[in-house]
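Chains A and B supply the protein sequences, listed in that same order. Here the first sequence stands for residues -9 to 411, where the numbers follow my numbering. Here the second sequence stands for residues 238 to 386, where the numbers follow my numbering.
Because the hints were derived from the structure by calculation, they are not lab data. Among the clues, some could well be false.
As the list claims (entries may be wrong) - With a Cα cut of at most 20 angstroms, we get these calculated PhoX-like pairs of lysine-lysine:
no.: 1; chain 1: B; residue 1: LYS319; chain 2: A; residue 2: LYS404
no.: 2; chain 1: B; residue 1: LYS327; chain 2: B; residue 2: LYS349
no.: 3; chain 1: A; residue 1: LYS12; chain 2: B; residue 2: LYS327
no.: 4; chain 1: B; residue 1: LYS317; chain 2: A; residue 2: LYS12
no.: 5; chain 1: A; residue 1: LYS386; chain 2: B; residue 2: LYS300
no.: 6; chain 1: B; residue 1: LYS290; chain 2: A; residue 2: LYS12
Please read these numbers as outputs of a predicted model, since none were measured by experiment.
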Amino acid sequence: MKQYVIIGNSAAGISAAEAIRKNDVAAKILIFSDEDYPAYCRCLISYYLAGDVKEEKILYRPEDFYRENNIELFLNKKVARIDPKKSRITLEDKTQVSYDTLLIATGASPKLPETKGIKKRGVFGLRTIKDAKEISGLLPITKAACVLGGGLVGLKAAYALKKRNVGVKVVIKSRQVLSQMLDSEAAGFVQKRLEENGIEFILGEDVAEIIGNGDIKAIKLGSGKAFETSLVVVGKGVTPNMDPIKETEIKFNEGIITNNLLQANIANIYAAGDCAESFDLTLGGLCVNALWPVAVEQGRVAGANIAGGNLNYAGSLGMNSIEFFGLPAVSLGIYKVKDGEAGFEELKLHDTKANLYKKIILKDNFAVGAILVGDIKNSGVLLRLIRERIEVSSFKDKLLRENFGYPDIMALVKDKEHLYV
Amino acid sequence: MKQLYYDVKKCLGCKSCEIACAVAHSLTGDLFKAFKEEVLSLPRKKVLASKDKNYPVSCRHCKDPVCVDACMAAALVYDKEKGMVLHDDKRCVGCWMCVMVCPYGAIRPNIKTKLPLRCDKCKDKDEPSCVKACPTGAIIWQEELSLKV
Ligand SMILES: Cc1cc2nc3c(=O)[nH]c(=O)nc-3n(C[C@H](O)[C@H](O)[C@H](O)COP(=O)(O)OP(=O)(O)OC[C@H]3O[C@@H](n4cnc5c(N)ncnc54)[C@H](O)[C@@H]3O)c2cc1C
Ligand code: SF4
Ligand code: SF4
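Starting from the given sequences, assemble the full structure and let the hints guide the process.
Rendered as structure tokens:
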């Protein structure tokens, strides 16, 4: 009987465990997590903070999931080291556990800038349910909060704080919100919607210092301006959790380097999710796409391969979907053509009044990316064009239209159509 | 498992199925009353024209549903016994990750209700309402395997 060890009890770890169990009913599956919570919907913690989602609804799997699937879960157990030569892991409490095959699904942690005062009490990342609870606990005594960073997590945090009646200023180094998923035009729509709902933005500025003895009193900007705040949430991206592999022969750049089976450079070690670098379909090289759906899919592929399968992982691509105050926005693949880059074509529709913005980026008549604001209903069909590399010249004029949809690409997709007879 | 098939040659693009779908999922279930409901019931099926043919598009209840993978709230689940993708309104947060990934564009956002619109095969009825509503018999409701060659 094989013993499979999974480090990480979240999107990637859970879907891997399910895939292993599907292919091998007898194997021993051990999951280790340094959190003290059974698997939960990490992306929902901002909704929880906002009060939109109750704690019961945040669990990712039913309570009896681990028992039903015969999975041993070890909570509050941090893995300190991996020893690939001996095929075993060592926990922080020095316990050693050996494995036949290991999955590293340690995810990522918030990046903290080196700003003066960043270690002060009252500065938070927003990554775990524990973070959300701690922030939540401070809100009754918080009048003004500050969010550093205008990415997805930063904006979600700002939304949550506002929803809890706390004044929020978002300080963003770049000149736009969501610079990792939207161009400046699309970002304008989102920013406007957030501003209309009472969230303030300070663009093109960095924080020089977080001021206060003990508790936070104020934020000082690079320009010298300062304003009062007693709570800071940092949303400046994430960095893969590489601690247990740092001193090992497992190869990593930003994340663990994987092959098309999601295997690391050591045969009985796999990696999936936010801690793994895998092939990116639009960039054509390795990178981390730190996204929930990607983590789930990678977990499933890695799990199947761990249980003896031979599933090829085609690759991932950057994408995201957000909605703030009734305005949806989706970003797929390459969302911005860099200045001076030739060979790209942009199809565009911009209607400020209707809150509608659509942009599709083509290269040699292949879609490589898109942004949709306001009307996102066929984004999955566009995603398919990108993923399956479908040539668009025969329906290019229809791509931006309201009635564009699956029937237009049906004859060109990989899976044969069988519902329309 | 029964599935919806479409005889595209017969489809006129009259959208009777869309209307029947919206009515079937309204509170009152009655065409005239449905229009007056506070939140207008929207169809879970859309008829799209392409190259002079019409194609009713709705959720296929995929066996490897990417929408389920993408759902970060675990509101969408695949029910093996029923052969259907089920949606739990109470868990859904309206993040539209499902909309972003559905390769058929068969799940759409309802911005008002913050819930996705998606065919549930009229789960409480013996057959989906669109089937009866189609004046030309273009919508076929039948066991899955028999048509698959
Ligand atoms: C507020 C917020 C909003 C988000 N919104 C979106 C969104 O809208 N769309 C989207 O696609 N993604 C979103 N994400 C990102 C998404 O949550 C991640 O991509 C996803 O959780 C990655 O899953 P994972 O399993 O790889 O890692 P994680 O979810 O990070 O889980 C890692 C696991 O590993 C454990 N672990 C780490 N190190 C150790 C160790 N040394 N020993 C033991 N256990 C360890 C942790 O305890 C945890 O259980 C959001 C994230 C946050 C925080
Ligand atoms: S919503 Fe789309 S992906 Fe999900 S089951 Fe239906 S057709 Fe398949
Ligand atoms: S909109 Fe609802 S069903 Fe769709 S992915 Fe988000 S939570 Fe899941």
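Right, here's what the structure says about each hint:
With a C-alpha separation of about 27 angstroms, the suggested pairing of B/LYS319 with A/LYS404 is violated against the 20 angstroms cut-off. Proposed proximity of B/LYS327 and B/LYS349 is supported: the alpha carbons are some 15 angstroms apart, at most 20 angstroms. Taken as a hint, the A/LYS12 and B/LYS327 pair is broken in the structure, with Cα atoms around 28 angstroms apart against an allowance of 20 angstroms. Distance restraint check for B/LYS317 and A/LYS12: the Cα-Cα separation of roughly 13 angstroms lies within the 20 angstroms cut-off, and the hinted pair is therefore satisfied.
For the hint linking A/LYS386 to B/LYS300, the alpha-carbon distance of about 31 angstroms lies beyond 20 angstroms, and the restraint is violated. Simply put, B/LYS290 and A/LYS12 have alpha-carbon atoms about 42 angstroms apart, too far for the 20 angstroms limit, and the pair is violated.
Violated hints for the displayed structure, listed by number in ascending order: 1, 3, 5 and 6.
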